[in-house]
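Enquirer: Sequences are here, hints too, so could you generate the full structure?
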Amino acid sequence: MMAGNELYVGTGILLIFIGFVGVLTRRNLLKMVIGFSIIDTGVNLLIVALGYLPGRTAPIVNSPKYLADASSLTVDASKLVDPVPQALVLTAIVIGVGVTALMLSYVIRLYATEKTLDVRQFGRLKW
Amino acid sequence: MVNPILLIAAGLGVAFLLPVIDRAGRVVSRAVHLLTLLFGLIVSLRWLAALTGGAQAAQIITGGWIPPIGINLRFGPLEAALVALANLTAIAAALYLAHHEEQSTVKSLVIQLLLVVGATGLIMTRDLFNTFVFLEISGIGSYALLAFGRERDGLEAGFKYMALGSAASTFFLLGVAFLYKLTGTLNLDDMVGKLSGVTVAGVGTVLLLVMVGLMAELKLFPLNGPAIDIYDAAEPGVNALLVGTTLNALMFTFFKVMALYRGNSWLLAIATVGMTTFVVSNLLAIRQKKVRRMLGYSSSAQMGLMIFLLPFIRTDVVLMSAMALLLLNHTLAKAGLLWLAGIHGGRELDDWRGAFPDSIAMRVSLAALILAIAGLPPFPGFWGKWQALVGLARSTAWPWIIPLLVGSLLELVYYFGWLRRIVEPAGAESRGSLRTAFSEVAGVLLFAGLAIAFGVRLTASVWGGLGNPAILLGIIGLVLVVAQGISQKAQAALSVLAVGWVILRVVQLAHGCPLWDVRGLFLVVALFGALIIAIAGIGMPAGRGSFWGLFLILVGSIVGLLTSDSLLGFFAGWELMTWSSYFLVSQGREGAKPGLLYMLFSGAAGFLILGGLMAAEGAGIDSMAQLGQLSGGTALAAWCLLAAGFAVKVASWGVHIWAPGAYSESPDLFTPFLSGVISKVPVFGLAAVAARISAPAFAAFLGGIEPAHVLAWVGGLTAFGMTLLAVFQEDAKRLLAYSSVGQVGYIVLALAAMTPLGWTAGLWHVVNHLLFKSLLFLAVAGVVYRTGTRRFADMGGLITRMPISFVSVLIGIIALSGVPPLSGFAGKWLLYEALVDRGWLLLTGFMMFASAVAFLYCFRLIHSIFLGQLKREHREIREAPAPLLVSQGLLMVAILALSVRPRLLLEPLQRLVTGIFGQPGLQFASATKITSSLGYFNAAAIMTLVAALFIVLLFFLLFAGPKSRKVGQLDIVYAAEVPPPPEEIHYAWAFYMPYERAFKPILGSTVTAFWSGVKDVTEALADAGRRVYTGDAQTYVLYTLLFILVLAGLGLAG
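Listed in order, the protein sequences are those of chains D and Z.
Going by the numbering used here, the first sequence opens with residue 94, and the numbers climb by one from there.
Going by the numbering used here, the second sequence opens with residue 15, and the numbers climb by one from there.
Calculated directly from the structure, the hints in this document are not laboratory data.
Mixed in with the good hints, there may be bad ones.
Said to hold, decoys possible - Derived DEER-like restraints, expressed as beta-carbon distance ranges:
| hint | chain 1 | residue 1 | chain 2 | residue 2 | range |
| --- | --- | --- | --- | --- | --- |
| 1 | D | R213 | Z | G67 | 52 to 60 Å |
| 2 | D | L146 | Z | L1052 | 34 to 42 Å |
| 3 | Z | R60 | D | L146 | 47 to 55 Å |
| 4 | D | K124 | Z | E165 | 22 to 30 Å |
Unchecked claim - SDA-like, lysine to any residue: derived pairs with alpha carbons at most 20 Å apart:
| hint | chain 1 | residue 1 | chain 2 | residue 2 |
| --- | --- | --- | --- | --- |
| 5 | Z | K195 | D | L197 |
| 6 | D | K124 | D | L107 |
| 7 | Z | K607 | Z | R301 |
| 8 | D | K219 | Z | T1049 |
| 9 | D | K219 | Z | L1052 |
| 10 | Z | K195 | D | L183 |
| 11 | Z | K195 | D | E99 |
| 12 | Z | K208 | D | V177 |
| 13 | Z | K121 | D | L197 |
| 14 | D | K219 | Z | D167 |
| 15 | Z | K943 | Z | V833 |
Just so it is clear, CB atoms sit at the ideal spot from N, CA and C, and this is done for glycine as well.
Expert: What follows is the structure, encoded as structure tokens:
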């Protein structure tokens, strides 16, 4: 099922793992945000890797060689990887940017209240 | 019809144009914002009307691609309803938020609109990736809205919420990507078919990721820490908006993806997590002192309950409507309560004492919404819970009913803990005046109004339409509660008319009733009792402004309960009665705390009864008349649960601790009703149920005991124990309270005999107790009204000032104690005969002893109040108000009539018991002579004999006996000093001290100690449990990972 894309899948999973370690162990709010960003990247890589088919190219028709029949402009699907995950990742990247930006603005505002970036200072609400 | 896709397009378009429009002024942008939402509301409501009328659900195809390739949306009745609800909430939220500086910016308006768009998209889309996109729109929208608040705590909560939300959406996205890999499609409907063909080992893990992503967003335990912080710290108006939009949309999303889990082992996990959330969140909430945080726990619990139902919905359509009702109820109640929390501003529970002292509309809304969210009728949540339970009872999933009921009881604990503060009399520190414009409270009024309207509609559908007297009484009551201008006495007079009219109506209605006999008896008892109270109310003020409105709601609920043949109708009436009487009890000066205790025990009784009714529903029985079809273990379970519930409600020994406080602290005019009528309703339940279900004996290992025999001992011990306790009371109403509970114990005992004679005795006592106990309580009410005290030590010698009240009490105690010639004698005679006839000789002995003890408290009552020396401050006191005396007169006439002509009641009772047992318990040998299997009884002869003896004695005392000498109060010379406290030297103080010492060993406070132990253990559990929420963002993210690991581990193991 994953012939030829183990490297990418593996890297994706590793990035997610690294990201979570960052989120869970770094006390600095900014570093936590970086952790979330790494998780995002890992997920995106993983999704692209899931749609990857060895020996094929990106689903962007920029040359007649990807057309099955030059006259009818029909795409030769056997030469391209699955386009759906790629489209998904494009959307996910945009969303990821939005989330990161919003998180960073939270960090700015939190810093303004307590003059610290230590996440342990922001645990007053509990029980 | 407008294409529903426009709902999304218009929302998005306007959202991005708003900053431009805002240039023309905030008023313009706000108007455009509201108009957009109104457009959404109208379009979705029109679709809803068309769809429920049979129209086809709209399928919307985007970009010209036909599904499963392209993204498609669906707009069916559920979608339309949810979108309408989202727009409605958003309108009310916008009106509210406009009054809050931080959220009145154009940025906030944009985000509010985006939240509605996100929710609409989530609700309509059938594409999984599209779901993710709308999930993120909703998520980012909510984080951004929360970030507008400038308070440090709000920001902290927002960040934690966002951290958890980001992790959750990561899991969801991963799950969706893997699902695509496995099935080659993102279309939900297409995927369901294709997934069943996939047999790869990883499917379970992939589905787990999707599931956990949604669970974290829906704040299920233990992933709900940040969500609760949000409730605690953020602007309540924002939370209200989220409840109506994002939260409902997420719930519907979970509902949609459930199709993927069909036949999957995760179903059990989902149900377990949901139910755990329901029970645990409700448990942890009981220790919350912060109102908003408590509401957060409650939201978690409600989400848990709905998620729990999801896995079962596929198998049962009843559960579908249960879910819809619960969701509607939660949206109305939670959003409304959050707005109220914002308007009031009180963060701690104690800030809510006498909340909104100058606005009845706010108080009614507050009470209605709390009742709604606590799952009480008539509000939609009650019907939702009932249907959920019925759905479960009829499937193999019935054991889930137990945690559901336990969780619901815990829910009552904290919501009524909150209500306890609210119902306290308003003081100087009471908060919650209406500072701002109508638009701020519009949402509250709208949502409370909707909840009430839905409630009345639903109740009417079970109780035979809006024209039913029970419903009409309720509506009149509601109007009286809200109408503040009418004086108390006028309201009482109105109540007399209303009850009188119902008496006429019921007499007409009742003839078609298959159960006319038992029901008829209790209807007469209830309505006569109500009439007496209403008449007395013309003479003296009762409780607070809403007393008579609540009283009519209460009477209506009892009428509905007694006339309804369906189990649902019975239980709806029962719960209505419980909360309306709770409010009345709480109106006493010190009534709030005893009221809470009353409510909690009544609530527990209600859930036991509910359990019993569910045993019947599980066997496919939904009406009283069919109860007889139950057999075997089901019959035993149903009988025991119902009997236990009724036994709690009559305050049997062991669970009696709620009664003394509730009776003595409730308003003086309400206590007679509580004792005379409300305590008879469980007796009706017992009679109606016991007459139908024949419970088999317990299994052999329990010695083959008959359940009715156990109940008889419960009744007997109650009668015995409460009578003893009554003797040692220092407070007139407390004495009568214990006496009342004890008397109902006699009734339970007599009914448990399950013989014609036993039932005759029990039902006779039902009527007799109504008469004499109402009489006594009314007489005491008059005394308390005039003297301002309930303590015996502060009274005495009132016979000269209040002679009619004295006669009332005299008649009352003679009827109570069972000495000839009054009606009580017939009652005792019947009871002893029934017990001997049944062969329960030990119980007979106990009862005779208890009856002898009852003389002690009867004497105490009349002696300490009316005899002895008149207090100096009572010398100018007047007799009780005339209407009160009229009520007492009516009761005395009834007692005398029954005493002289017992056949008036005994004959109908014989017809009644013949209908049930096939034979009467008594024969009528002549006009006055009544015979049973053991002996005979002649009321007229006894009356003549007693009268003769009385005249002889009177003659002796007046003319032949020693002459008495009048002594003034000041003739008594005390020692030079007055020992503190002075009342201890009063003759009425510690009247029965020697007996009290003698009985001390068996009167120990073990029962009270036991229940306070139960309270302590529950609170300790709740305290320990909520330490889970450490407040640390990283811990919460870690919980998500651990949650997945644990579930995955369980999944692999299972």
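Enquirer: Taking 20 Å as the top limit, are the C-alpha atoms of K208/Z and V177/D close enough?
Expert: 17 Å, holds
Enquirer: Check the hint pairing K943/Z with V833/Z against an upper bound of 20 Å on the C-alpha distance.
Expert: 18 Å, holds
Enquirer: Can you confirm whether the C-alpha distance between K195/Z and L183/D stays at or below 20 Å?
Expert: Roughly 17 Å between the alpha carbons, so the hint for K195/Z and L183/D holds.
Enquirer: So if I understand the rule, the pair passes when the alpha-carbon distance is 20 Å or less; does K195/Z with E99/D pass?
Expert: 14 Å, holds
Enquirer: Given the hinted pair K607/Z and R301/Z, is their alpha-carbon gap at most 20 Å?
Expert: 17 Å, holds
Enquirer: Regarding K124/D and E165/Z, is the given constraint of 22 to 30 Å on their beta-carbon distance met?
Expert: The hint (22 to 30 Å, Cβ to Cβ) holds, given that K124/D and E165/Z are roughly 25 Å apart.
Enquirer: With the threshold set at 20 Å, check whether the alpha-carbon distance from K219/D to L1052/Z stays at or below it.
Expert: 16 Å, holds
Enquirer: Could you grab the alpha-carbon distance between K124/D and L107/D and see if it respects the 20 Å cut-off?
Expert: Holds. K124/D to L107/D sits at ~18 Å (cutoff 20 Å).
Enquirer: When you check the alpha-carbon spacing of K195/Z and L197/D, does it fall within 20 Å?
Expert: 33 Å, violated
Enquirer: Holds or violated: K219/D and T1049/Z, Cα atoms, limit 20 Å.
Expert: With a Cα-Cα distance of about 12 Å, the restraint between K219/D and T1049/Z holds, given a limit of 20 Å.
Enquirer: K121/Z and L197/D were given as a pair; does the straight-line alpha-carbon distance stay at or below 20 Å?
Expert: Judged against 20 Å, a Cα distance of about 18 Å means the pair holds.
Enquirer: For the range 47 to 55 Å, tell me whether the beta carbons of R60/Z and L146/D fit it or not.
Expert: At roughly 48 Å between Cβ atoms, L146/D and R60/Z fall inside 47 to 55 Å, so the hint holds.
Taken one by one, the earlier hints fail for this structure only at number 5.
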